[in-house]
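What follows is each chain in one-letter form.
There are 6 protein chains.
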Amino acid sequence: EFVARPVGICSMMRLPVQASPEGLDAAFVGVPLDIGTSNRPGARFGPRRIREESVLLRTANPSTGAVPFQFLRVADLGDVNVNLYNLQDSCRLIRAAYQKIVAAGCVPLTLGGDHTITYPILQAIAEKHGPVGLVHVDAHMDTADKALGEKLCHGTPFRRCVDEGLLDCKRVVQIGIRGSSTTLDTYRYSRSQGFRVVLAEDCWLKSLVPLMGEVRQQMGGRPIYISFDIDGLDPAYAPGTGTPEIAGLTPSQALEIIRGCQGLNVVGCDLVEVSPPYDPSGNTALVAANLLFEMLCVLPKVTVV
Amino acid sequence: EFVARPVGICSMMRLPVQASPEGLDAAFVGVPLDIGTSNRPGARFGPRRIREESVLLRTANPSTGAVPFQFLRVADLGDVNVNLYNLQDSCRLIRAAYQKIVAAGCVPLTLGGDHTITYPILQAIAEKHGPVGLVHVDAHMDTADKALGEKLCHGTPFRRCVDEGLLDCKRVVQIGIRGSSTTLDTYRYSRSQGFRVVLAEDCWLKSLVPLMGEVRQQMGGRPIYISFDIDGLDPAYAPGTGTPEIAGLTPSQALEIIRGCQGLNVVGCDLVEVSPPYDPSGNTALVAANLLFEMLCVLPKVTVV
Amino acid sequence: EFVARPVGICSMMRLPVQASPEGLDAAFVGVPLDIGTSNRPGARFGPRRIREESVLLRTANPSTGAVPFQFLRVADLGDVNVNLYNLQDSCRLIRAAYQKIVAAGCVPLTLGGDHTITYPILQAIAEKHGPVGLVHVDAHMDTADKALGEKLCHGTPFRRCVDEGLLDCKRVVQIGIRGSSTTLDTYRYSRSQGFRVVLAEDCWLKSLVPLMGEVRQQMGGRPIYISFDIDGLDPAYAPGTGTPEIAGLTPSQALEIIRGCQGLNVVGCDLVEVSPPYDPSGNTALVAANLLFEMLCVLPKVTVV
Amino acid sequence: EFVARPVGICSMMRLPVQASPEGLDAAFVGVPLDIGTSNRPGARFGPRRIREESVLLRTANPSTGAVPFQFLRVADLGDVNVNLYNLQDSCRLIRAAYQKIVAAGCVPLTLGGDHTITYPILQAIAEKHGPVGLVHVDAHMDTADKALGEKLCHGTPFRRCVDEGLLDCKRVVQIGIRGSSTTLDTYRYSRSQGFRVVLAEDCWLKSLVPLMGEVRQQMGGRPIYISFDIDGLDPAYAPGTGTPEIAGLTPSQALEIIRGCQGLNVVGCDLVEVSPPYDPSGNTALVAANLLFEMLCVLPKVTVV
Amino acid sequence: EFVARPVGICSMMRLPVQASPEGLDAAFVGVPLDIGTSNRPGARFGPRRIREESVLLRTANPSTGAVPFQFLRVADLGDVNVNLYNLQDSCRLIRAAYQKIVAAGCVPLTLGGDHTITYPILQAIAEKHGPVGLVHVDAHMDTADKALGEKLCHGTPFRRCVDEGLLDCKRVVQIGIRGSSTTLDTYRYSRSQGFRVVLAEDCWLKSLVPLMGEVRQQMGGRPIYISFDIDGLDPAYAPGTGTPEIAGLTPSQALEIIRGCQGLNVVGCDLVEVSPPYDPSGNTALVAANLLFEMLCVLPKVTVV
Amino acid sequence: EFVARPVGICSMMRLPVQASPEGLDAAFVGVPLDIGTSNRPGARFGPRRIREESVLLRTANPSTGAVPFQFLRVADLGDVNVNLYNLQDSCRLIRAAYQKIVAAGCVPLTLGGDHTITYPILQAIAEKHGPVGLVHVDAHMDTADKALGEKLCHGTPFRRCVDEGLLDCKRVVQIGIRGSSTTLDTYRYSRSQGFRVVLAEDCWLKSLVPLMGEVRQQMGGRPIYISFDIDGLDPAYAPGTGTPEIAGLTPSQALEIIRGCQGLNVVGCDLVEVSPPYDPSGNTALVAANLLFEMLCVLPKVTVV
Ligand SMILES: [Mn+2]
Ligand SMILES: [Mn+2]
Ligand SMILES: [Mn+2]
Ligand SMILES: [Mn+2]
Ligand SMILES: [Mn+2]
Ligand SMILES: [Mn+2]
Ligand SMILES: [Mn+2]
Ligand SMILES: [Mn+2]
Ligand SMILES: [Mn+2]
Ligand SMILES: [Mn+2]
Ligand SMILES: [Mn+2]
Ligand SMILES: [Mn+2]
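Keeping their order, the protein sequence lines are chains A, B, C, D, E and F.
For the first sequence, our numbering begins at 1 and goes up steadily by one.
For the second sequence, our numbering begins at 1 and goes up steadily by one.
For the third sequence, our numbering begins at 1 and goes up steadily by one.
For the fourth sequence, our numbering begins at 1 and goes up steadily by one.
For the fifth sequence, our numbering begins at 1 and goes up steadily by one.
For the sixth sequence, our numbering begins at 1 and goes up steadily by one.
The set of hints was computed from the structure by calculation and includes no laboratory data.
On a predicted model such as this, the values are computed, not experimentally measured, just so you know.
Take the hints with a grain of salt, since some may be wrong.
A pair holds if it fits inside one copy or across any two, identical chains being indistinguishable in the list.
Calculated lysine to aspartate or glutamate pairs in the EDC-like style (CA-CA distance at most 20 angstroms, straight line) [unchecked claim]:
| no. | residue 1 | residue 2 |
| --- | --- | --- |
| 1 | Lys170 | Glu214 |
| 2 | Lys146 | Glu201 |
| 3 | Lys151 | Glu164 |
| 4 | Lys100 | Glu214 |
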């Protein structure tokens with residue numbers, strides 16, 4: 001029986017809400033944290049709004065042939081309880097929550113939250129899987145050492161990950177990078193670690209299917225993580241975010257990137273930096289909900305017919 | 001343990017969500033219907049947004065001394081599944097859903113939805129309790145016989161209720177009535193039925209505590225229903241509604257009305273006509289969430305300490 | 001036959017639109033000008049949005065017993081064509097348009113536009129009726145001599161009117177005045193002309209019925225004009241305006257003022273300074289539409305039953 | 001003489017408003033209905049807002065060389081009066097209204113309204129012209145058999161049209177289709193009818209001029225209808241709509257599609273699903289107004305110089 | 001020479017911006033911090049938006065007779081640089097900044113920022129003046145011991161102040177308190193410290209002039225601090241705030257409270273919790289700007305003529 | 001030391017604010033005028049909002065290799081004081097202000113303001129440099145002779161410039177032109193003067209790098225001016241503007257245009273027509289801030305490393 005779209009408690013894609021990851025192949029998890037944000041806050045309401053807009057999603061993906069719920073047991077695990085007044089403690093809470101999820105063999109698909117959260121998530125992921133490859137879509141590299149004197153914030157997660165050996169640096173690609181910076185030598189760190197940095201301007205007016213062919217080669221069969229900062233998209237498509245940069249990627253390129261991960265050993269995904277107060281239409285959250293669904297569709301167990 | 005406000009799936013007041021009313025003293029129920037709306041639609045998203053803003057509510061009411069959850073088993077029953085393309089069928093679905101709730105001895109507190117829904121709700125209520133008294137707060141009397149040729153819409157619910165004998169007409173009070181009308185003899189129907197009509201202009205700059213003393217007298221110990229159309233309030237306090245009328249009630253008067261029902265035999269309540277697209281701040285829904293909590297606080301089983 | 005509210009080309013109250021005032025007792029006229037605005041512009045869209053929201057109005061006024069369309073031939077004359085790049089030329093165009101309206105014996109009810117427009121309107125009015133009494137509701141006195149070196153703007157209309165002898169200064173009352181000013185001696189000019197200045201703070205928490213009794217005495221039977229700047233209201237009720245001032249009048253006080261003009265010899269009215277871009281809900285325009293309808297209801301030919 | 005843009009009652013392109021289609025070659029008609037909407041309502045205000053934003057349009061189309069008002073007698077016929085509480089009755093009213101328009105030899109250009117309305121419009125069209133070809137731009141195929149148990153809603157119009165033989169199925173093209181669906185075999189119905197389905201992803205980064213060359217071939221000289229659901233566009237360009245899908249068409253592609261219909265035997269057009277509450281800027285309505293003007297420019301009688 | 005309102009870099013009331021408090025009697029200071037916020041963030045942009053809207057302010061206060069700039073050297077000291085990722089460090093930075101201001105004999109008038117900031121400000125104030133009296137307007141008492149396990153947040157500042165002996169507890173009044181709470185015994189802490197708690201419901205429909213007469217008595221001639229949380233006002237007047245509570249104070253009551261402090265030994269003031277993203281109109285910030293100006297007008301050196 | 005983004009008085013890019021252009025190589029200047037606007041006003045707040053959003057900018061441009069502050073002494077000169085009630089007087093004030101700036105050898109980068117302002121700016125520029133080349137990005141040619149009977153408005157600046165010999169007409173390129181017009185022969189004037197007109201439709205889906213190669217050839221080494229009307233972009237990227245036209249340029253094309261001016265003798269630049277009330281997100285102003293920074297990066301003295 002069909003249910004009218006405005007009807008019902010808003011879980012992600014109307015999935016059952018449960019507290020335990022046991023028995024799940026994959027799960028949506030919210031991390032409503034935004035105190036790592038440098039400019040416009042509001043990402044704490046990202047998970048709530050993404051769940052709301054996800055009512056527009058249906059269960060099959062005719063573009064890719066994926067019908068994920070035929071292959072995966074999936075639920076919405078609700079939100080990690082965060083400490084809104086203490087970023088370090090929040091990171092500790094997130095790590096602990098994800099350790100449990102990962103230990104259960106459940107692949108987490110995270111609804112952020114600002115990008116800080118990817119650091120404790122990857123701590124938990126790497127603890128299980130070892131250093132992972134990374135497909136990172138973002139306007140920013142997020143590899144600063146510190147900001148405002150702090151080691152933890154949404155500009156530093158991947159620096160922390162490198163510091164702690166959570167990434168397999170030869171299998172890291174950052175796509176959509178752009179914008180002004182404090183130095184011309186802005187990509188030095190990323191490149192010195194061996195990351196592949198794909199500038200937004202190298203994506204303008206192009207299909208990213210060829211790029212993703214190369215990325216699949218690079219990633220091979222070992223575990224990878226997908227981290228998608230919604231500000232990787234042009235602000236026209238995703239105005240509801242905290243640190244927008246002009247001249248970004250398009251939603252079709254976003255789909256090409258995620259669909260291009262089909263066949264890879266994806267062990268976790270996140271979609272971060274949706275700040276609903278800056279987009280009352282809800283459309284930024286709708287983009288996010290769609291991209292999370294596409295991530296679900298490329299999980300390894302999903303056989304495409 | 002405390003939970004940060006942005007955390008978690010949004011049920012009303014973070015109550016457990018369950019499908020069955022069995023064992024409950026009272027329950028919040030959403031009815032996301034707005035196809036009975038004559039002007040601005042959007043009330044279909046009222047339940048969703050009221051639940052969201054209800055995260056600001058805490059469990060005790062220091063103003064009245066009520067601690068409702070000490071006396072009542074309460075849950076969120078989710079939403080009634082409505083037929084968004086057929087108002088008659090929706091009314092049938094609503095009536096059926098409330099029959100089950102009422103049969104279980106559970107007092108429904110409804111998150112609307114446009115005011116049409118009060119008609120099928122009162123069908124179910126009266127089926128169990130017989131004709132009920134009514135405390136109806138609204139800018140409009142909602143007693144038209146027809147609108148656009150139709151018997152069912154948000155301007156007619158109380159006419160239908162009278163037609164079907166669902167109301168104990170000597171125990172009906174309508175508070176906050178105002179605005180232009182199609183005829184000068186606008187109150188004739190209500191008054192001919194024996195309703196007490198309290199105009200908004202008779203409330204300006206006044207406490208409604210004395211009025212409610214009279215209302216309590218009038219209602220006596222028999223069952224009553226509270227139906228609160230958010231447009232009873234001035235649009236300054238509740239801009240997110242479909243048919244606003246200027247110079248309405250204040251939130252303090254709304255509190256006086258609901259708190260003034262303490263001690264009455266309240267068998268059901270609703271809060272209708274919140275249209276979130278017309279108030280992106282969420283504050284209209286916040287008023288609604290508060291008023292629903294206040295309704296919970298005056299249910300008969302709640303002993304005030 | 002009834003028409004659904006969203007249906008139809010938006011004229012004021014769905015009245016017929018016509019170009020000529022001949023044969024009309026009264027008419028709504030738009031003046032979509034805002035280049036006399038000192039702060040937030042947007043009042044050029046006031047007439048459009050007021051017409052839109054006026055679809056919520058019905059034809060009878062049960063509060064006052066007025067059924068204006070039984071006594072008056074009324075139409076919507078559309079908008080005066082203004083010169084958006086030249087304030088002086090616009091004033092000339094407005095004056096000419098109103099001369100024709102007034103010459104036809106038609107009482108104009110104006111949808112503004114910023115308050116500059118009242119000056120050329122009163123030129124036309126006084127040309128016919130001689131110096132008029134004035135009921136002026138506003139946060140500001142609008143009696144500056146110049147602003148930014150200019151004689152014409154929304155801060156000067158009543159100074160220009162006095163300069164040209166358009167007002168019967170002993171019959172001028174300004175209600176709702178408040179806010180910071182450039183000098184402590186702010187009311188000197190108004191008072192030196194014999195205006196009665198009623199401060200907003202003398203209205204707080206009070207019915208204005210007694211005041212209006214005095215005003216009716218003062219105005220007597222000679223012609224008066226009602227000029228209502230929507231910023232006379234508190235910004236909570238009318239956020240969509242260009243120079244809001246806190247702690248203003250309420251809509252119920254606005255109704256008391258206009259209804260208090262019943263019985264006076266009203267020869268023209270305006271409602272100015274609605275700036276729709278600052279209130280996407282449309283509710284400021286809705287207040288304006290209601291107040292314009294109330295003005296219509298107190299025109300001399302409307303006999304109250 | 002020029003008129004300032006904010007000046008005047010808002011008819012489409014400032015055209016004369018008249019009730020009768022007699023003597024007209026083409027007419028704009030509003031259908032302010034949205035009770036066929038599955039998700040976000042608001043399209044009932046589409047016609048009003050499209051008319052407002054159409055003040056930015058001028059009369060010549062330098063890109064195509066069309067000066068439509070030199071060849072066509074055009075008016076704004078106002079809105080069809082709909083029954084907002086009864087979708088079936090609304091369809092009956094729409095059909096009847098369009099029968100009169102079509103009978104007068106007037107080509108209707110419709111301002112929607114949700115997509116349900118295309119069904120009764122095509123009933124009237126086909127009654128006169130026989131089964132028509134269709135250029136249908138949309139994110140969705142709108143060929144469901146039922147939704148929520150109902151035969152009529154914005155997801156079913158073209159199924160109803162096929163059921164009733166209103167379409168010449170070999171001359172139907174659907175452009176812009178995308179998004180998740182309830183089944184992988186989502187295009188089966190359309191394709192089994194012989195429709196050409198052009199997926200959005202086959203349009204990414206491409207000019208649609210070649211496609212339209214093929215479409216013109218396919219359509220030949222017999223009557224065709226253009227139905228443009230604004231959600232065919234990417235939500236970045238048209239955020240104000242009810243069921244947005246990411247990664248859609250661009251406005252330049254929309255222009256290529258409509259301009260590509262030049263020379264065809266266009267007997268009717270609509271632009272549907274503009275929901276103004278979800279785009280306070282008015283820009284979605286502005287896109288719609290432009291596309292309607294472009295449709296006017298490709299009507300058969302418009303000779304291009 | 002006058003300057004048009006939209007002209008110029010936005011400092012508070014167009015005052016000169018300077019880094020040093022030396023030689024100033026009073027100064028406006030921004031503290032753009034919001035990571036102590038429990039619900040909706042955004043107060044980090046409060047100072048910026050308050051400065052913007054302050055362009056509507058003029059220099060004299062005709063209601064009170066104050067012309068503050070005749071008596072006081074005032075500047076805008078800009079913003080305290082805060083650590084957006086670390087609340088404790090931010091408190092340290094704020095304290096240090098205010099120590100310098102206070103040491104210079106300059107009275108700080110603070111543009112918040114969330115209410116956490118009052119704690120480090122009062123540390124600096126009390127260091128110079130000893131324990132101070134407090135006029136605290138708020139919907140909340142902000143005297144929790146901890147929230148989410150943390151000692152520092154916007155719900156705890158006055159608890160911390162009591163813990164450290166910064167307040168003269170017999171001279172503390174909290175006005176506007178309301179809303180649901182976690183316990184019925186909600187006022188126990190405040191009252192056990194000797195605070196006077198004035199509930200919002202004891203203010204409904206009343207002038208607060210009598211209350212302030214009592215407060216002046218209570219405060220005597222020793223130093224006091226005014227802390228005004230904008231959520232003390234009803235959300236109708238101040239929608240742009242993070243934790244709104246219904247049925248609050250009015251702007252006229254706010255003026256009565258501040259003006260009622262005339263003659264007291266005011267050594268500092270703040271206006272906190274303006275969250276601009278939740279009020280795009282800017283009117284919440286406008287209220288705040290006005291209240292800050294009124295605070296300036298009651299500083300001890302301002303002689304009223 | 002780093003400063004948090006929300007911290008501080010908003011000057012352009014946090015540059016020092018100073019009144020005098022002496023000693024500067026370049027300066028940002030605001031011109032908050034919008035009374036030359038034909039449709040939606042609000043550009044008077046463009047400079048304020050662009051400054052606000054410019055806090056997201058950092059000092060280096062890794063895409064082009066420019067580090068402008070290493071080569072240029074730059075400040076924010078604040079706003080030109082305009083006469084909001086008199087367009088001619090405003091033009092006089094602007095011209096006078098720019099004469100001083102230009103006389104000091106300082107290159108002005110203007111934050112508009114509607115496009116009218118380019119006329120008096122070019123008067124000052126040409127007085128110093130003689131007739132200049134022009135790179136003009138816009139949806140409109142802005143070469144009307146008159147509008148509403150006036151010579152001065154945002155539709156006429158370049159006609160006035162030609163009339164006065166301020167442009168070197170053989171070195172004028174207009175890019176992004178599109179939309180309906182009052183005549184088919186719309187480009188006649190521009191072309192008859194020798195302007196190169198590049199239609200938006202000739203830019204669709206194309207890199208503009210080749211075009212800019214030709215433009216550089218055409219411009220040669222003599223002085224040029226860059227005038228960028230934000231409505232040159234598609235409204236998806238810049239919704240906050242007054243006369244949007246669909247199917248416009250993309251931000252990446254905007255970057256290609258400005259970066260393509262590298263090496264030219266740029267003597268002044270402006271970015272006009274940002275109307276903040278129509279984009280509460282601030283993103284239109286963010287685009288503008290970025291484009292202004294890019295203009296700074298192509299000034300002649302900036303050597304690219
Ligand atoms: Mn990031
Ligand atoms: Mn980012
Ligand atoms: Mn009702
Ligand atoms: Mn109502
Ligand atoms: Mn005024
Ligand atoms: Mn005013
Ligand atoms: Mn459709
Ligand atoms: Mn569709
Ligand atoms: Mn507080
Ligand atoms: Mn508070
Ligand atoms: Mn231009
Ligand atoms: Mn333009």
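Check your understanding: Which earlier hints turn out false for this structure, listed by number in ascending order?
Key -> 2, 4
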